[in-house]
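Spelled out, the chains give:
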Amino acid sequence: MKKVRFASTVIKLFMKNQIQDKTNIILDIFNMFSRCFIVFLLYAYIFEISGGMVNGVDYKTTMWSMFIYFCIMILNLRRLDRLIMADVKSGNVEMFMNKPINYLKISFYKVIGQGIFSFIFISLIGSILMILILGIPNVNLIVFTFTFILTFIFGQIIALFLYGIIGIMAFFIEDISPIHWIVDKFVMVLGGSYLPISMFPPIMKVIAYVSPFGAVNFATSTVYESWNDEWIYRVLLQLVWIVILGGILYILYNKSKKKAMINGG
Amino acid sequence: MKNIRLAILNIKKNIKNEKELKSSFLISIIGMCLNNISFLILWYYFGKTIGKINGWEPYDIFGLYGISTTSYGIVMGFFAGMFKIPDYISSGNFDKYLLTPKNILLKVSTSKIQVSAFGDLIFGIVCFIIFAICNKLSIAQYLISILLIICSGIILYSFGLVCMSISFYLMDGYNISNGLYGMFIGKSTYHGGAFTGVLRIIFIFVMPSLLLGAVPVEIVKTLSVNSFIMIVGLTIVWLIVSVVFFYKSLRKYESNNLFGFGG
Numbered sequence: 001m002k003k004v005r006f007a008s009t010v011i012k013l014f015m016k017n018q019i020q021d022k023t024n025i026i027l028d029i030f031n032m033f034s035r036c037f038i039v040f041l042l043y044a045y046i047f048e049i050s051g052g053m054v055n056g057v058d059y060k061t062t063m064w065s066m067f068i069y070f071c072i073m074i075l076n077l078r079r080l081d082r083l084i085m086a087d088v089k090s091g092n093v094e095m096f097m098n099k100p101i102n103y104l105k106i107s108f109y110k111v112i113g114q115g116i117f118s119f120i121f122i123s124l125i126g127s128i129l130m131i132l133i134l135g136i137p138n139v140n141l142i143v144f145t146f147t148f149i150l151t152f153i154f155g156q157i158i159a160l161f162l163y164g165i166i167g168i169m170a171f172f173i174e175d176i177s178p179i180h181w182i183v184d185k186f187v188m189v190l191g192g193s194y195l196p197i198s199m200f201p202p203i204m205k206v207i208a209y210v211s212p213f214g215a216v217n218f219a220t221s222t223v224y225e226s227w228n229d230e231w232i233y234r235v236l237l238q239l240v241w242i243v244i245l246g247g248i249l250y251i252l253y254n255k256s257k258k259k260a261m262i263n264g265g
Numbered sequence: 266m267k268n269i270r271l272a273i274l275n276i277k278k279n280i281k282n283e284k285e286l287k288s289s290f291l292i293s294i295i296g297m298c299l300n301n302i303s304f305l306i307l308w309y310y311f312g313k314t315i316g317k318i319n320g321w322e323p324y325d326i327f328g329l330y331g332i333s334t335t336s337y338g339i340v341m342g343f344f345a346g347m348f349k350i351p352d353y354i355s356s357g358n359f360d361k362y363l364l365t366p367k368n369i370l371l372k373v374s375t376s377k378i379q380v381s382a383f384g385d386l387i388f389g390i391v392c393f394i395i396f397a398i399c400n401k402l403s404i405a406q407y408l409i410s411i412l413l414i415i416c417s418g419i420i421l422y423s424f425g426l427v428c429m430s431i432s433f434y435l436m437d438g439y440n441i442s443n444g445l446y447g448m449f450i451g452k453s454t455y456h457g458g459a460f461t462g463v464l465r466i467i468f469i470f471v472m473p474s475l476l477l478g479a480v481p482v483e484i485v486k487t488l489s490v491n492s493f494i495m496i497v498g499l500t501i502v503w504l505i506v507s508v509v510f511f512y513k514s515l516r517k518y519e520s521n522n523l524f525g526f527g528g
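Protein sequence lines, in the order shown, are assigned to chains U and S. Going by my numbering, the first sequence opens with residue 1, and the numbers climb by one from there. Going by my numbering, the second sequence opens with residue 266, and the numbers climb by one from there.
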């Protein structure tokens, strides 16, 4: 109970901090709107010339899938590694490591707190607009709601572990930015950012299915028809990745503690 | 002339500094090349699945990335200091650029380099070569391409300067400046066939993202004289507007008395 209260306090703290800076929220809204607008127009044209269906999927389903991806982007958990690297470079990390708190957990709560308000606000407004413009996605609502929440939460845990591992690598290498770029782009491409999953070539579909990079954004697949048959496997895959990445992060974190140099002062 | 010599010296010094961390230097360059490949794969498969869109063939995406990342690599590789203006303002570090009898803009611009941008530069050149081979470009098209890369670089620099100069008017302008610039640069990597009608006008004349890659690719392919004149004209306009706006905005700068040397 204490742990939950501590987590919610840290998240709230950073959330309030973020709300104070309204420019961030305005920029997020504008970014989301412009991204969606361009992509939606592009695909409207593509579906029109393709006779309304591409690879057996219609425009509405594709747009809902991409909308979910853009919403997840707003949460922006991928800034976690940069945050850890900044702490390692500035030496702030030793301050946290000397306290009876887990530095990694604090960092997790911090990034969640920084992105959660924009995420909830924009997702809600965006969903209403999507329903008004395109209509409700053609899904079994009970399965969709349940599995969406599940895959979304599991996906974000994987994202935290994945970017946490990259962040912790800052203890061992000078600059983690190149690793961040590569992993980030894998997550972006395999998540169905600008090219919807339904349009992936077969090899990319397989990679998106079995890799942790694709598992981060399984929530974007919840609107597809095939989801009803495969959601159990997907959720299980996410659990497997949580265990594997969690284990790697745990080991690396313990090793990094030995690497941290306390300079004092 | 003296200012240009100083700028070259600044760039050389920055490159030497960065090369001291050899592994980081190389990893940054290779990492950026790999990072860019992901975008290329994404849009290439997009083109392959859909086919021709608004006159854009799948291979044209190589031209888009060839021109836009080459110009990005040149600007960010040698003039990355300009993108640090919001940081310099908020930290008070801008004082040291004002206190020297040299061209302020040139000195600030060459105060930093971005190593990863050399990865963009290499990637851009490779992409352009692929585009040139696929489209069997003539000598005239090669020459126009070089001119368009220069124009694209100047527009990138100019719009970036306008975005960064906004920081002079705000308490903590970092987010707005970088958010606006991010929006501008982000749209330049989208498939050129995505922009039609009003959207195309907005992203050519208001936020010139399409001038970084999409419009130049169309000019190279069609050899349209009108479009070429338009892009050269817009380049000159953006350059003048950005420099004037920078110096006008500079008057808003208030020193916070941070004591420091160098730069």
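Because the hints were derived from the structure by calculation, they are not lab data. One or more hints might be untrue.
Computed footprint of chain U on chain S; a stretch qualifies when at least three of its residues, placed anywhere within it, have a C-beta under 8 Å from a C-beta of chain U [as the list claims (entries may be wrong)]: (1) 314 to 322; (2) 395 to 405; (3) 449 to 458; (4) 506 to 520.
Partial pick of chain U residues on the chain S-facing surface, computed with a CB cut under 7 Å [said to hold, decoys possible]: (5) 22; (6) 102; (7) 181.
Glycine included, every Cβ here is placed at the ideal spot set by N, Cα and C.
Each hint tested on the structure:
Here the stretch 314 to 322 of chain S counts 4 residues with a CB under 8 Å from a CB of chain U, which clears the bar of 3, and the coverage holds. Closer than 8 Å: that is the beta-carbon criterion, and the stretch 395 to 405 of chain S has 0 residues meeting it against chain U, so the requirement of 3 is violated. Counting residues of the stretch 449 to 458 of chain S whose C-beta lies closer than 8 Å to any C-beta of chain U gives 5; at least three are required, and the coverage claim holds. Residues of the stretch 506 to 520 of chain S with a Cβ under 8 Å from some Cβ of chain U number 0, which does not satisfy the need for three, so the listed coverage is violated.
Proximity of residue 22 of chain U to chain S is violated relative to the hint, the smallest CB-CB distance being about 10 Å (cut-off 7 Å). For the restraint placing residue 102 of chain U at the interface with chain S, the shortest Cβ-Cβ distance is roughly 29 Å, beyond the 7 Å limit, so the hint is violated. Below 7 Å, beta-carbon pairs count as interface contacts, and residue 181 of chain U has one with chain S at about 4 Å; its hint therefore holds.
Violated hints for the displayed structure, listed by number in ascending order: 2, 4, 5 and 6.
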